Amino acid sequence: MDLENTKAQMRKGILEYCILSVISRNSCYASDIIKELKEAKVIVVEGTLYPLLTRQKNAGLLSYRWEESQQGPPRKYYELTPEGKEYLADLDNSWDELVESVDLIRKR
Amino acid sequence: MKITVSINLGGYSFNIDEDAYGELKRYMKNLELNFATEESASEILSDIEARMSELFRAKLTPYKQVITLEDVRSVISVMGTPEDISDEEGTSAREKFASAGYHRMYRDPDRRIIGGVCAGMGAYWNIEPLIIWIIFLALILAGGLGIVVYLILYVVLPEAKTTAQKIEMKGEPVNIHNIKESVKKEFNTVTRKMKL
Numbered sequence: 009m010d011l012e013n014t015k016a017q018m019r020k021g022i023l024e025y026c027i028l029s030v031i032s033r034n035s036c037y038a039s040d041i042i043k044e045l046k047e048a049k050v051i052v053v054e055g056t057l058y059p060l061l062t063r064q065k066n067a068g069l070l071s072y073r074w075e076e077s078q079q080g081p082p083r084k085y086y087e088l089t090p091e092g093k094e095y096l097a098d099l100d101n102s103w104d105e106l107v108e109s110v111d112l113i114r115k116r
Numbered sequence: 148m149k150i151t152v153s154i155n156l157g158g159y160s161f162n163i164d165e166d167a168y169g170e171l172k173r174y175m176k177n178l179e180l181n182f183a184t185e186e187s188a189s190e191i192l193s194d195i196e197a198r199m200s201e202l203f204r205a206k207l208t209p210y211k212q213v214i215t216l217e218d219v220r221s222v223i224s225v226m227g228t229p230e231d232i233s234d235e236e237g238t239s240a241r242e243k244f245a246s247a248g249y250h251r252m253y254r255d256p257d258r259r260i261i262g263g264v265c266a267g268m269g270a271y272w273n274i275e276p277l278i279i280w281i282i283f284l285a286l287i288l289a290g291g292l293g294i295v296v297y298l299i300l301y302v303v304l305p306e307a308k309t310t311a312q313k314i315e316m317k318g319e320p321v322n323i324h325n326i327k328e329s330v331k332k333e334f335n336t337v338t339r340k341m342k343l
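From first to last, the protein sequence lines stand for chains A and B.
Here this note's numbering is used: the first residue of the first sequence is 9, the next is one more, and so on.
Here this note's numbering is used: the first residue of the second sequence is 148, the next is one more, and so on.
For reference, chain B alone in the conformation it holds in the complex:
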């Protein structure tokens, strides 16, 4: 016996096993992240949902009415993981985010204590927000400067609302591709300097 979940995919209602639901949800989240920088991300995602709903419907019979983990895996392999899609398109999502311009400071609503300023700074510099919070507290106790700085930052920094903004806030996690790129850049600067 298994628990099933009821979902709406492309306007159709499906009963889906709990473990299959987890897998599907993870997949949809990854796709969303992959298309986050795209102009019409929601349109692409709803087209994909419509197609997935078509593929799932083909897997159901009067004697099999629940989507299983196996079904989800098979549909994912037909649609392709975000990596497969990027490879085939000739663009990589990682490349899109790798440029320095995509690292911006935001207020982080997910880990906020008051307005998310400290959490956002923590996400930007990759340090524990609590440490920044303690520094602010110390500044406030030392004469109130902390309050002024906090209020200015609160007004100046936008809140990270969309997935794309949340990625921008954290910058790019370290991966082989980035390391390769930064080494290449370093090498180019050195060779340029040698010529001078």
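This is chain A alone, in the form it adopts within the complex:
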């Protein structure tokens, strides 16, 4: 067993879930998402976010639109597609179940 690998696998799923959660509240651009993920300490390096966003977009969970910005070039604003919303609702349920299951076992 490889502890680092196990941890990485755990983080991977959680990170994807957190990204969808952040975007579900309101549409936002990458730097907003990064700020929240960093505050919550689920992400260490920013470069991790971009491949995940692109993969989620390719999977049809996210879409984006370009929006003008006063401070610079146009930004990509991400939002959940109807499919993404369903996906997130599923993840919400399974997260609650997981926490319950793990709590049950740990507190025995």
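Among the hints, erroneous ones may be present.
[Stated by the list, open to error] The calculated DSSO-like cross-link candidates involving lysine-lysine, where the alpha carbons are at most 30 angstroms apart (straight line), are: (1) A/K84 <-> A/K115; (2) B/K206 <-> A/K46; (3) B/K172 <-> A/K65; (4) B/K313 <-> A/K65; (5) A/K93 <-> A/K15; (6) B/K176 <-> A/K15; (7) B/K317 <-> A/K84; (8) B/K206 <-> A/K43.
Rather than coming from a laboratory, the hints here were simulated on the basis of the structure.
Just so it is clear, the structure is predicted and the values come from calculations on it, not from any experiment.
Given chain A, work out where chain B should sit, using these hints.
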């Protein structure tokens, strides 16, 4: 006094010290390599560029107009090296390339003498292309068979154009991870045979 280079990053123009430029270029190349197998590699890279440009802009003031090596290092530590990114994602680029399917023969346009066939074969088997070239030359002088073989290979082998193809062409360089994997595989075959 230092020489500066002018670059375009995410649609913004920056003046950057020469040494800082070298470091940034190396970093971008590594990222490109890391995402080479990704479906939308160019989109990921341009998103990253846009973010880096934002971070660099925050480092400039009316009294500091040039990006320094220190700035580049600080932005790289925020964005993360390809290794950091792979670790955090839970996938490793090395694992992606480690499977045998990623080792293919191509024509190598970078080291070609005529069509890159010999260079590609050299890259595939990790031998000096000149040796293969001499063998071909000997075959040609011995009766022309070399020309026919060369032409067939030229038509059959595709040219290694993208970074991903160039990695595939060379296969995976030997590293600890691969050695560990091949030992594990060997061990599994042996245990399977013992059971039979």
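Evaluated hints:
Distance restraint check for A/K84 and A/K115: the Cα-Cα separation of roughly 44 angstroms exceeds the 30 angstroms cut-off, and the hinted pair is therefore not satisfied. For the hint pairing B/K206 with A/K46, the CA-to-CA distance comes to about 20 angstroms; that is within 30 angstroms, so the pair holds. Distance check on the hinted pair: B/K172 and A/K65 sit about 28 angstroms apart at the alpha-carbon level, within 30 angstroms; holds. For the hint linking B/K313 to A/K65, the alpha-carbon distance of about 28 angstroms falls within 30 angstroms, and the restraint holds.
For the hint pairing A/K93 with A/K15, the CA-to-CA distance comes to about 27 angstroms; that is within 30 angstroms, so the pair holds. For the hint pairing B/K176 with A/K15, the CA-to-CA distance comes to about 28 angstroms; that is within 30 angstroms, so the pair holds. Our distance criterion of 30 angstroms between C-alpha atoms is broken by B/K317 and A/K84, whose separation comes to about 37 angstroms. Taken as a hint, the B/K206 and A/K43 pair is honoured in the structure, with Cα atoms around 18 angstroms apart against an allowance of 30 angstroms.
The structure does not agree with the numbered hints 1, 7 stated previously, though it agrees with the rest.
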